[in-house]
Amino acid sequence: EAGVTQSPTHLIKTRGQQATLRCSPISGHTSVYWYQQALGLGLQFLLWYDEGEERNRGNFPPRFSGRQFPNYSSELNVNALELEDSALYLCASSLGGGGTTQYFGPGTRLLVL
Amino acid sequence: QKEVEQNSGPLSVPEGAIASLNCTYSDRGSQSFFWYRQYSGKSPELIMFIYSNGDKEDGRFTAQLNKASQYVSLLIRDSQPSDSATYLCAVNARGAGANSKLTFGKGITLSVRP
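As given, the protein sequences belong to chains A and B, one line each in that order. Mapping to our numbering: the first sequence position 11 is 21, numbers consecutive. Mapping to our numbering: the second sequence position 31 is 321, numbers consecutive.
If you are wondering where the hints come from, they were derived from the structure by calculation, not from laboratory data. It cannot be assumed that every hint is accurate.
[As the list claims (entries may be wrong)] To give an idea of the chain A side of the interface with chain B (calculated C-beta under 8 Å), a few residues:
#	residue
1	53
2	58
3	62
4	66
5	111
6	114
7	115
The C-beta atom is built at its ideal place from N, Cα and C for all residues, glycine as well.
Can you make the complete structure from the sequences, with help from the hints?
Quick look at the structure:
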C-alpha cells in the first residue's frame, strides 16, 4: 500500500513569489494535515482538511491557504513568500479527523531566496 | 503554558541501555497520545500510540501514560545506535466542537553511543 506522497521534493522561490505544494493521502484516508517545520523548531500545525472542507487552521497568516480535492488529495498555497517561510512542509493523512493516527509524507523542502 | 512539553535534550545513552523520554501536556481532556521518530532530514514516522492509562509494549518500545499526572513517556530498551533520532510526542488536544487537532512537542534528540 502506497504511503503519503508529496511533490515536489524541493522548491526554490524568491521573495514575493507564490509556492504550490501537493499531497496525496494514503488510499482510504479522508483527512489531510499540513505542518511547517522550520530549522530548529517543532512541527507547527497549518491546516486540516477533511471531506473537502477546511476543519481547522493553525496560527498562520491568510497567505497560507489550501484546498482538498474530491479524490482527497490536497494542495498548499503560500502567497507573497517571505524568507522565513523557508522550511520543510509536511503533509499527513488519517482515516478520520481530529486525533486519529496521522501518517506523514516525505515532505517538501521550500527555500525562499 | 506550552500545550505539549518535552525536555529539549539532547539525551545520550550507551548502547544496550534503557532510554527514557518524557512528555507532559496541559489539556486534561486529551485522549490520544502518540510517539513519532524523526531521523535528520526525514519525515516523522509513527512508533506507538496509547489511549489508556498504563503501559503498552511493542518490541523494545514501551509507552506509559498517566492521565492524572498528565504525562506520557517512551522507554526504549536495549538501545541501538540506529535509535539515534529526534522523538516527537503528540497529543490530541481538544478544540472547538469536533475539530480537535494533534499537537506536537518540540521533540527530544536521542543519541545512542556505540
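Going through the hints against the structure:
no.: 1; hint: 53; result: holds, 4 Å
no.: 2; hint: 58; result: holds, 6 Å
no.: 3; hint: 62; result: violated, 15 Å
no.: 4; hint: 66; result: holds, 5 Å
no.: 5; hint: 111; result: holds, 6 Å
no.: 6; hint: 114; result: holds, 4 Å
no.: 7; hint: 115; result: holds, 6 Å
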